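Asks: Just need the whole structure built from these sequences, with the hints factored in.
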Amino acid sequence: MKPAPFAYEKPGTMAELFGLLAEHGADAAILAGGQSLMATMNMRLSAPEILVDINGLKELSGISVSEDKLSIGALTRHCDVASSEDVAARVPLIHLAMPYVAHAAIRNRGTFGGSVALADPASEIPACMVCLDGEIEITGAMGVRCVPATTYFKGLYETDLQEGEIVTAVHVPVLGDGERHAFDEITRRHGDYAMAGLAASASVSGTTLLNVRLAYFGVAGTPVLAIKAGAALEGTINDSCISAAQNALDSDLDPFDDIGCSAATKLHLAKVLLDRVVRRLVAVQ
Amino acid sequence: MSGLTIHDRPNSYIGRSVSRPNIRRLVEGKGRFTDDMSLPRMLFAAFLRSPYAHAEIVTIDTSAAEAAPGVVRVVTGKEMADVCSPWIGVLSHLEGLKSQPQYALPIEKATWQGEAVVAVVAETRAQAEDAVELVEVEWNELPVVADMEMALDEATHVIHSDLGDNLAWQREFATDGIDAVFEAADQVVEETFHFGRHTGVTLEARSILSDYDSSEEQLTVYLATQTPHMMQTLFAKHMGLEDHRVRVISGDVGGAFGIKVHSYADEYATVALSIMLKRPVKFIADRLESFTNDIHARDHRITARMAVSQDGEIQAIDYDDVTGVGPYSVYPRTSGIEANQVVNMTGAQYACPNYRARTNVVFQNKTPMCQYRAVGHPILTALTEGLVDKAADAIGMDPVDIRRKNLLPDDSYPRKSPTGMLFEQLSHQESLEKIVQMMDYEMLRKEQGKLRDQGVYRGIGIATFIEVTNPSAMFYGIGGAPISAQDGATIRLDAKGNIIVQTGVTEQGQGTEAVIAQVAATALGVTMDKIKVLTGDTDITPCGGGTWASRAAGVGGEAAAQAGHALRQRILEVAAIMLQADAGTLDIQENVIVDVADGRERISLAEVGRVAYYRPDTLPKDFQSELMVTRHYVPKDYPFAFTNGVQASYLEVDPATGIVTLLNHWVVEDCGTVINPQLVDEQIRGGVVQGIGGALYEECLYSPEGQLLNGNMADYLVPMAGEMPDIQVAHVESRTADSELGAKGAGEAGTAGAPGVIMNAINDALKPLNARVTRQPFTPERILQALKTV
Amino acid sequence: MDKAVQVSMSVNSEAVNRTVEPRQSLADFIRNELELTGTHVGCEHGVCGACTVRLDGQIVRGCLTLAVQADGCTVETIEGLTESGEIADLQNAFVTRNAAQCGFCTPGMLLTAAELLAADPGASREEIRKHISGNYCRCTGYQAVVDAIESTARNRLGEAS
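Chains as they are written, first to last, in this note's numbering: chain A, 810 to 1094; chain B, 822 to 1611; chain C, 228 to 388.
Accuracy of the hints is not assured; some may be wrong.
[As the list claims (entries may be wrong)] Straight-line Cα separation of at most 25 Å, SDA-like style, residue types lysine to any residue; simulated pairs: (1) 1099/B - 903/B; (2) 230/C - 1038/B; (3) 819/A - 260/C; (4) 230/C - 997/B; (5) 819/A - 232/C; (6) 1037/A - 1610/B; (7) 819/A - 261/C; (8) 878/A - 955/A; (9) 1271/B - 1476/B; (10) 357/C - 1480/B; (11) 851/B - 1072/B; (12) 1609/B - 878/A; (13) 230/C - 810/A; (14) 1353/B - 1271/B; (15) 851/B - 232/C; (16) 1058/B - 1070/B; (17) 230/C - 832/A; (18) 851/B - 374/C; (19) 867/A - 260/C; (20) 899/B - 1038/B; (21) 867/A - 816/A; (22) 1037/A - 970/A; (23) 1226/B - 997/B; (24) 1609/B - 832/A; (25) 230/C - 851/B; (26) 1037/A - 1611/B.
Note that these hints are calculated values from the structure, not bench results. Being a predicted model, the structure only gives us computed values, none of them experimental.
Replies: As structure tokens, then:
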């Protein structure tokens, strides 16, 4: 199918962008990488009247590092995040997750901010943001605000983003002393959306974990921070605490049925992932 | 004539892996697919499709759509029926098969979700789609028959009340005294197998560009099809035209696999629109339309049992099958053939005399089902080989040993199966021994045992199979379908010594043109570069059946061989006159007329061509050169050229996730003469992977309301490069004596055997965990459920 | 609303100026306006990879990119890569190994493979399989495609060393 007709604007400045968004309100959609938006438009599942292409706003691209945080501009392509040495060194979780994001041609075009703005429940990036306790930088005509990832993702494709606003960057804390990250997901084919996935971080000392954060994706409308399971893993890791953490997932997670993957299967896979990812965190490196 | 067969010709191309002459343009992006064609004043069609699986069409308001920008015409079922007559997909030899008249656009009701109901023609596809959104249809939803198991229940709604019930066809076959055999058996194993409904997902969607010139009453249809001549006849018949006023041209076809061997309502509609408008109309199915309109296949539930003696003798097979084929039997091949193949062929490779089969083919409100690559064979192979493995397990016998014991001896052919199938020569035993060696079965078993002790669950699967190829008219023609079993080749020499071959078989990437060129070059004694092969045009190729049932090489190739021999003889007659020699002392080798006796070069083919065409005055008055020859061929001694083979799989199941990792895959295949080893091997590999698709990934999932839930490429999974194994292929060559070439088909064997062998390997891996899976595809969830993990 | 937009771009090293509807995809633009039909459209939702083209040197899905977005950009298609000879070795390997059957996926597969070959001619079979895992091929079963890419990679490494 071909998309329904729409108008196209490509602002050259942020001011122009917000002018267009103010003018068109809910009729406008932001075009960043377009890797999800264009697919839905080509199937006429969505039909915005105007596409506002932000690819001309070069200030939205790029990765920068300060002492305690790493910032990724919303327009930064997945491929650039994947190949960034800063990301690999300072926020390994994102580096670990990137190869799981779709396929090469999609990563060349898709943007980090686009994934955050779309908030696909099966997407790797929102879960990484939640796991890292990162912040989403949102800009509107009225100015800039930063929202913790933990409150930004509100429901199925629903975020804190308001009409007239766009995601301009994300900020994540850089790796602390002793902090480790691990990532895994279970898919039927390479590059598919995950049946279940897990982004994890913790402070590691030998086989002891502290500050454990387990962010699941593909199991609910938003990334889910498994608080009780994380708490069960604080301390020395052994079979029994892993088993306790797995049991805690019964209350942390409330998965939905997917095509070909029931809630029960998702919960089970979440437990398998917990075991695998936690053992990776404490593995001798 | 030197009396040499095609196998003894000097400088033979038979058995050589020459590159396909037509592959270069494909790798340079110069393919000529139907959507690449543009014609002056061309219009585009789009269809309003039923959102419901079953609904009465109460009213249709097209006024807003007609007024939309770029719209040329909006057509409903009633107007369409004035131009295109309905059809009924039955064959007389499938006794009792019934179906309802089907229209290009339905008039009274839609019977599956996605059925085209209103056609819009506009200047661009996008405009046509815009206008489709403006067509208003008032629907009256009707009860939906989704579950095939309930289709025949008293309480279930009858889809076509004229037919009386939802039973399309029924067949039963039984040998005498089978119940007594089961009662007396040492062991009886039982199993229920489910085969997921899946579809072909040709990467090029169905594509048609129809052009009608009223001044000459000439209809030209560019169509992505496997069967141009069949489509010519069908379009002519239903548009009320004479066949010779219809030309079907099939350029490059982007994958077919049986999807493009059928006729489709939206394609008839497109042709009718071009006749109505007297302008070219193009319709390219989009991917969403493809999922709900390309034929589906395989949806079967089979409950089966096998009797086996304690020493491993397979004594009896008995099964009950139900298959749901959608609301119509597909025209003209019908939707009874897959079930029929399963009845005909189950267990046919084994010395098992007692056999009973029952099949119910039922209507339901889902996309119509029909023949897709390896028709029936993936089902009957999994059924047979699943039972054999279970029987072996029940009596504690090794899966290879039980097959050694029961596979029909290679020297026992020719023979007839219990259902009357006539087998010429098969090589089950030799093939089995070959694969056991290739895979180093003993070593694998040891490795498997060792790894099990470490908690790694690997499985070894074996599946033998028989595959029907090169069908005679017994398949379709006998039942009244305009489907040619014979095929033809016309070969001519041009004035420069080049050879042009026109063939009725078609190319969809298998290498048809290469194989025809190899055969013609060999028969003639010319080099491949001298040959040009023309296919896929009903105005220029001899009438033939096209490419399906793996018939291109075996049937089309034989016609080319015979035409090549005949043309060589004609050329030699001219040469003999020119050289004042006896034609019997001459031959053609590498484009040159030579003396048979010593190979001495005499004159070039180009010289023969020059004289024959430009200087016939130098030839005797009573001699007329005829350097264009047509020969036709149809298998006569055997209704089908059956092939056989065996596949083996080595895989690992992760019991924690249910994920299957394919580690290795082997195939030994006997397709008779291997004309081009590389092309045959690639057919096998591609076929195996398509079979793996059915085993692990592919399934059209429906809601109880008959809505296809995963009709897009993101949700309907097919095999991708990341998960597929390398596949080792070897051959046994039992040539058919029904032709000089001796080639049987090779295109479907991979698909026939793969699902069964994957199932057996998974179950072998799961054995120590006391779990089994028999519902395809074997998804991680189904494996976890079998393990009682979820 | 949906007024046409002027675009200028370089396509296979030729300057192209056209007026396009915003909704036209880059793939449709290449095929229908420029009549470069080697780029194929297989799904229109970004999954199959048949429409893969190069945009400013990187492979992208032609169906998920709008023609207007290519304004000011460099576009390369299979026709351009063929003409320049950049992937002649890979194309020859596809011919020799019969790594194309119906050929519909082939242009997209070649462009995808070319990106890997340029970045990492030492890629393993597994890496090759992963890299092309976003490109559907329904005919070959992929082995021949992987073989052809692998042999090209090895040859390039051999020539480089």
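Asks: Look at each hint and say if it fits the structure.
Replies: Going through the hints against the structure:
| no. | hint | verdict |
| --- | --- | --- |
| 1 | 1099/B - 903/B | holds, 15 Å |
| 2 | 230/C - 1038/B | violated, 41 Å |
| 3 | 819/A - 260/C | holds, 22 Å |
| 4 | 230/C - 997/B | violated, 76 Å |
| 5 | 819/A - 232/C | holds, 11 Å |
| 6 | 1037/A - 1610/B | holds, 23 Å |
| 7 | 819/A - 261/C | holds, 24 Å |
| 8 | 878/A - 955/A | holds, 14 Å |
| 9 | 1271/B - 1476/B | holds, 17 Å |
| 10 | 357/C - 1480/B | holds, 17 Å |
| 11 | 851/B - 1072/B | holds, 12 Å |
| 12 | 1609/B - 878/A | violated, 46 Å |
| 13 | 230/C - 810/A | holds, 20 Å |
| 14 | 1353/B - 1271/B | violated, 56 Å |
| 15 | 851/B - 232/C | violated, 29 Å |
| 16 | 1058/B - 1070/B | holds, 17 Å |
| 17 | 230/C - 832/A | holds, 17 Å |
| 18 | 851/B - 374/C | holds, 23 Å |
| 19 | 867/A - 260/C | violated, 29 Å |
| 20 | 899/B - 1038/B | holds, 23 Å |
| 21 | 867/A - 816/A | holds, 22 Å |
| 22 | 1037/A - 970/A | violated, 28 Å |
| 23 | 1226/B - 997/B | holds, 24 Å |
| 24 | 1609/B - 832/A | violated, 57 Å |
| 25 | 230/C - 851/B | violated, 33 Å |
| 26 | 1037/A - 1611/B | holds, 22 Å |
This entry does not satisfy hints 2, 4, 12, 14, 15, 19, 22, 24 and 25, going by the numbered hints stated previously.
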